[in-house]
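Asks: Sequences listed follow chains G and L, in order. Per this note's numbering, the very first residue in the first sequence carries number 1; after that it's consecutive. Per this note's numbering, the very first residue in the second sequence carries number 1001; after that it's consecutive.
Take the hints with a grain of salt, since some may be wrong.
Straight-line C-alpha distance at most 25 angstroms; calculated SDA-like pairs for lysine to any residue [stated by the list, open to error]:
#1 K1013(L) to R242(G)
#2 K1417(L) to S1435(L)
#3 K9(G) to L169(G)
#4 K9(G) to L235(G)
#5 K1417(L) to A232(G)
#6 K9(G) to A232(G)
#7 K1013(L) to A232(G)
#8 K1013(L) to D239(G)
#9 K9(G) to N130(G)
#10 K1013(L) to T240(G)
#11 K9(G) to T95(G)
#12 K9(G) to E21(G)
#13 K1417(L) to D52(G)
#14 K1417(L) to A1512(L)
#15 K1416(L) to A1355(L)
#16 K1417(L) to L235(G)
#17 K1013(L) to G353(G)
#18 K1013(L) to G246(G)
#19 K1417(L) to L1450(L)
#20 K1013(L) to L235(G)
#21 K1013(L) to T244(G)
#22 K1417(L) to L202(G)
#23 K1416(L) to A228(G)
#24 K1416(L) to A232(G)
#25 K1013(L) to Y243(G)
#26 K9(G) to T249(G)
#27 K1417(L) to G246(G)
#28 K1013(L) to D323(G)
#29 K1013(L) to E236(G)
#30 K1417(L) to D1317(L)
In short, the hints are calculated from the structure, not lab data.
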Amino acid sequence: MLLPIADAKTVRATARSLIREHRGRLAGVLVLHSIASAAGLAGPWLIGRTIDAMTAGTATLLGITIVALVLVAAYAVQGLVSRFAQLRAMVLGETVFAALREQFMHTVGRLPLSVVERAGTGDLLARTTNDISSLAQTVRFGVPRILVAAATALLTLVAAFLTNPLVALGLLVGVPSIALVTRWYLRRSGRGYQRQLAAHALLSGVVSETVEGARTIEALSLAPAQQAKIDAAVLERRDTERYTLGLRTVWLPTIELSFLVPIVAGVGWGAYLVWTGAASVGEVTAVALYGTQLIGPVNELLGWMDELQIGGTALARIIGVADVPPDREPVPDATPADERLEARGVRFRYGDGPEVLHGIDLSLAPGERLAIVGPSGSGKSTLGRLMAGINAPTDGWMTVGGVPITDLPLDVLHRHVALVTQEHHVFVGTIADNLRLAKPGADASELESALEVVDALGWVRHMPDGLETRVGSGGVVLTPAQAQQVALARLVLLDPHTLVLDEATSLLDPGAARDLESSLERVLAGRTVVAIAHRLHTAHDADRVAVVQAGRIVELGSHDELVAAGGQYAALWSSWHHE
Amino acid sequence: MPRFLLWQASRQKQFLVGGIVFGVIWMLCQAVWPYLLGRAIDDGVATASADIWIWCGALLAVAVVQAIAGMLRHRMAVKNFVRSALRAGRLIGHHSAETGSAITATTASGEIVATVLTDALSLGSMFDVTARLVGGIVAYLVVSGIMLATSVELGLVVLIGVPVLGALLTLLIRPLHARQAAWREETGLLTTLGADTVAGLRVLRGIGGEEEFIARYAHRSQAVRRAGTHVAQLQSWLDGLQVFLPGVFLAFIVWFGARLVLEGAISVGELVAFYGYATFLVIPLRTAVEATQIFARGLVATRRIVDVLRIRPAAQDVPEPRPAPEAGAELVDVASGVVIEPHRFTGLVDADPDAAAAVATRLGRFADAEHEEAPVLWGGVPHTTVPVAELRRRIVVSDAHPHLFQGPLVEGLDVKKARDPEFTSTETAQLRAVSRAVEQAAAAETVEALPAGLREEIAERGRSFSGGQRQRLSLARALLTDAEVLVLIEPTSALDAHTEARIAASLRDARAGRTTVVVSASPLILDRMDVIRVLRGGELVGSGTHAELMRAEDELGHLYRSIVARSTNPAEPVEGQDLEAAATGAIDTLWLEAEQTGAIRIVRSRPDDRAGADASARPGSDADGPEGGADAPADR
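Chain G on its own, in the form it takes in the complex:
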């Protein structure tokens, strides 16, 4: 299951709305840059005037000195104003970029629970790291530089026309070829750079799996194979670069010629105009110098076109995450009347798949332990996910205290029911940070008593900085058992009245951290527990057992009742006990 990517229209609309949002500051930046650029145009104009004065024989040393001083003043103005323009532009870029990435993370943090459960994190991770940094270049430097270059180029052209419109016409000779070749180039470069980015992501993926799996590689002597894969990724990266370089091999010289030829044309055409008396030598000189000054900004402008495309692609992936439809619409004032979990006529299918549950009716008394028993594929795990509020039933009601469970806002849902899995991600941060996510604002004594419950206070106290010890990547590495105790302590802090245990994926696995059973038992104490049982003793210990077959509850009752009833559960039990 892949996360959506925004279409071009949405990207453009986002860009437009960003511009609209910041139009005041953008306009300020543009005005400042225009002033700076205008000051920078004094040079050729002054040179032209000086030359005209010289050819006319009216030039004096004083005049020349004044020209030089004016020139210095002009550059001082240009330098100073452009400094502030640049600063404002860069600060704006930083602000916009910070807002974009925070908005992105905000969206990620609210991705529907069912999507997070199913989509995995690889794609999302790439968007959080690669795409955000691709966009950084565009937003932080691209946009400010584009503004400068555009303002400079436009003003330079205007100045050339003001000097002598007839001569300046010669400068336009290059426009058609620039337009044509750039169109040709941009049509291909977008795809080319996307492939290049993908190749880059592949390379980074392979290198990072090499680093993360270094132990496995060492143990199985897989280094040659892994190295071959790295080489292939490197080659792919190089080949994709080769393609875009090929495009630039055509594009760049054409552009460069399109800059230079018009200057030559301007000089030739200017010579004719001087000869006819329609222009002065100084004017021709000034226009030719303006032509030279155009090269820089226009070049920069064109150069950013690529970057804009790359940024656009990254932006599409970043804002695309927001297109994930919500899987529930919480009813804000939904307040469960009590802690009773109830299923009425619950049916469920994944997407367009076949129906997995065909009408489940079940009511849980608070504090009860229910074991769900059934063969593989009977739908018992799915039922568990529905009871934990991860998916909403396609039909029927799954309610807690009379309120449909998926109507509850997530933070409210968490306080009612939680799914216990083997998940033990340790977040980068302190142990306290890792616990507090279940109960923001909990004080140290609360955290300690939660750790006490799961029997983890001892080792936490022995850590170098106790609760404030940094863990996760780069910090102290917790053992799987410790990580799971932290996960259990989170549950204690979260304090939901109902827990859904998927045994196959939970702490009750054989082999996986056997020490944790007593910790778990203490977490379960006093709560309603739904255990998706994979072992019969779980069912034996439960208050009630529900036998699920082919998406239906076929038997329901206490262990003794079911054994006495002589149904499937009884057969199962007797086959175990060989009675």
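Dock chain L against the given chain G, drawing on the hints supplied.
Replies: Then chain L, alone, in the frame of chain G:
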């Protein structure tokens, strides 16, 4: 570090030289442009003579050469950049592959990934800018020469003025560099935080705390923004000065040149040429400033790369390695007292599973330093004294959390071929061997569910598989090593009992006659072992078979049962009973048995449903549904 850079340079000599040559030509074309323009104005425009055509023609010719040289220079620059960046990235990847776990012991893996992405690029930029810088310096010298020929004073002003300007601008670079470093560090922290949040998103969405993390991210993000603004404040001064200082320089040259025109020493055209030269010189000047920045960053990046490359494997050959013992040698872990007899199946059991795993890991020799205290004797010889490569080939340890890697599944599993490129087997033979191992590891259904079967292209880290599927595929891979001694640490920890039973049964066939060590507390697995070493806190307490230990009335028996019973249950059947499925009460197995005896009729909800564990690729199946945050199946 200089050696590393020189080595890099030597690997791309032709592109460096090409970059310099075309860079020089390109720069010279730009340098000669003002001269030709000046002549065109002098001899063509001002005098309205037909010479204009000559000068225009010359300008056109230079334009064509400049365009072509510019293009070639760009090609060389990109090649310089890409080659050195990719070579560095490749080197880090290769080095990580060879160094093993030592690489993550000293650096966070995220840091190395960042190293590959950004540091390699910074390194590449250095080589790119070097070529351009040399071109710029040559052009600067040529222009100075031309001006010296026209006017000694003016020439000297240019010759001295440009480096002085460069030095002035460079003064700002160091503080700027410090601010950029601060920004990069903040950015790195932000990226780590973002990646971490995403990796733990299932926890955050399932438990809560996302608000907290979003707030943390926003907080960091603002710190990055502030650091960026901090950079911008200085960067913008640098940009402003890059306009102002050359401007003053230019004004001086115009003033000086104009005086020369007044004195009749030079022509109007030459004045224009001077102006042109002065504006042109901004290009090499900017290149020089840019180069300083790139070098500052590049050198830091290079140091980080070299630091990573300096990390040595934790297990290395001693100067004069002893020959490894003959096949069939006994292994003795001295610290625990555990003896691994050849050709037999040995189970390792400890109340603390980590302690048993530590013993098993020691057999594989992953950190020589550790073995100074706790040697392992292999045929009587400390195994740290034999060649590592041979030890790795003969003793294979598959740890509790093995990784799968990107690439075609069959290649990833058939490690014999992956380890040794020389190893040859026909494709059918390979497929047959891999299929058999996959079957033995109870992973056949997982493979069958893949569109391309064994030829399926696996995503990086094998992230499209669930934890249980990954565990079974890793087991198949371990079996395919055909190692003389195979050590499996908790090979079935993520599997249900039914699958566990299947694996326990096939393991004996798969490893018949060879030495196999399994760390597990599962009675299904332990029942298949020839001997079980029971440990307490990592020290051997006693040995026996599963059946013996289950019956033994002594302390050893009690200890053993207390460990194994935890994965069984209070309602355990009486001792001595058939322990297969009954011991664990695995519902899937019981159900199958009950069905076979006719006690239960199983109604299947979907025709394609299979009993057992392997329906797990589909959501809603029970066997070993999605597991692990970053590990969750992604590509359904």
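Asks: All the hints need checking, so say for each whether the structure fits it.
Replies: Quick rundown of the hints versus the structure:
Taken as a hint, the K1013(L) and R242(G) pair is honoured in the structure, with Cα atoms around 19 angstroms apart against an allowance of 25 angstroms. Restraint check for K1417(L) and S1435(L): the C-alpha separation of about 15 angstroms stays at or below 25 angstroms, so the hint holds. A threshold of 25 angstroms between alpha carbons decides the hint, and for K9(G) with L169(G) the separation of about 37 angstroms lies outside it, so the pair is violated. Between the alpha carbons of K9(G) and L235(G) the distance comes to roughly 34 angstroms, so the proposed pair goes past 25 angstroms and is violated.
For the hint pairing K1417(L) with A232(G), the CA-to-CA distance comes to about 17 angstroms; that is within 25 angstroms, so the pair holds. This hinted pair does not check out: K9(G) and A232(G) have alpha carbons roughly 36 angstroms apart, beyond 25 angstroms. Pair hint K1013(L) plus A232(G) holds up; C-alpha atoms about 23 angstroms apart against a cutoff of 25 angstroms. Distance hint between K1013(L) and D239(G) is fulfilled; the C-alpha atoms sit about 20 angstroms from each other, no more than 25 angstroms.
Under the criterion of a C-alpha separation no larger than 25 angstroms, the hint pairing K9(G) with N130(G) is consistent with the structure, at around 22 angstroms. About 23 angstroms separates the Cα atoms of K1013(L) and T240(G), which keeps this hinted pair within 25 angstroms; it holds. A C-alpha spacing of about 24 angstroms is found between K9(G) and T95(G), which places the hinted pair at or below 25 angstroms, so the restraint holds. Using a Cα cut-off of 25 angstroms, the hinted pair K9(G) and E21(G) holds, with the two alpha carbons roughly 18 angstroms apart.
The hinted pair formed by K1417(L) and D52(G) fails the criterion: a straight-line CA distance of about 81 angstroms is larger than 25 angstroms. Annotation: proposed proximity of K1417(L) to A1512(L) holds, straight-line Cα distance about 22 angstroms (limit 25 angstroms). Taken as a hint, the K1416(L) and A1355(L) pair is broken in the structure, with Cα atoms around 30 angstroms apart against an allowance of 25 angstroms. Pair hint K1417(L) plus L235(G) holds up; C-alpha atoms about 22 angstroms apart against a cutoff of 25 angstroms.
The hinted pair formed by K1013(L) and G353(G) fails the criterion: a straight-line CA distance of about 60 angstroms is larger than 25 angstroms. Taking the CA atoms of K1013(L) and G246(G), the gap is about 22 angstroms. The hint holds against a cut of 25 angstroms. Straight-line distance between C-alpha atoms of K1417(L) and L1450(L) comes to about 22 angstroms, which keeps the hinted pair within the 25 angstroms bound. This hinted pair checks out: K1013(L) and L235(G) have alpha carbons roughly 20 angstroms apart, not beyond 25 angstroms.
For the hint pairing K1013(L) with T244(G), the CA-to-CA distance comes to about 23 angstroms; that is within 25 angstroms, so the pair holds. Distance check on the hinted pair: K1417(L) and L202(G) sit about 23 angstroms apart at the alpha-carbon level, within 25 angstroms; holds. For the hint linking K1416(L) to A228(G), the alpha-carbon distance of about 14 angstroms falls within 25 angstroms, and the restraint holds. Between K1416(L) and A232(G), the direct Cα distance comes to roughly 20 angstroms. Compliance with the 25 angstroms bound is thereby established for this hinted pair.
Annotation: proposed proximity of K1013(L) to Y243(G) holds, straight-line Cα distance about 23 angstroms (limit 25 angstroms). At most 25 angstroms may separate the alpha-carbon atoms for a hinted pair to count; K9(G) and T249(G) exceed this at roughly 31 angstroms. Of the pairs offered as hints, the one joining K1417(L) and G246(G) is violated, with about 37 angstroms between alpha carbons and a cut-off of 25 angstroms exceeded. Taking the CA atoms of K1013(L) and D323(G), the gap is about 50 angstroms. The hint is violated against a cut of 25 angstroms.
Using a Cα cut-off of 25 angstroms, the hinted pair K1013(L) and E236(G) holds, with the two alpha carbons roughly 23 angstroms apart. For a cut-off of 25 angstroms, the pair hint linking K1417(L) to D1317(L) stands: about 24 angstroms separates their Cα positions.
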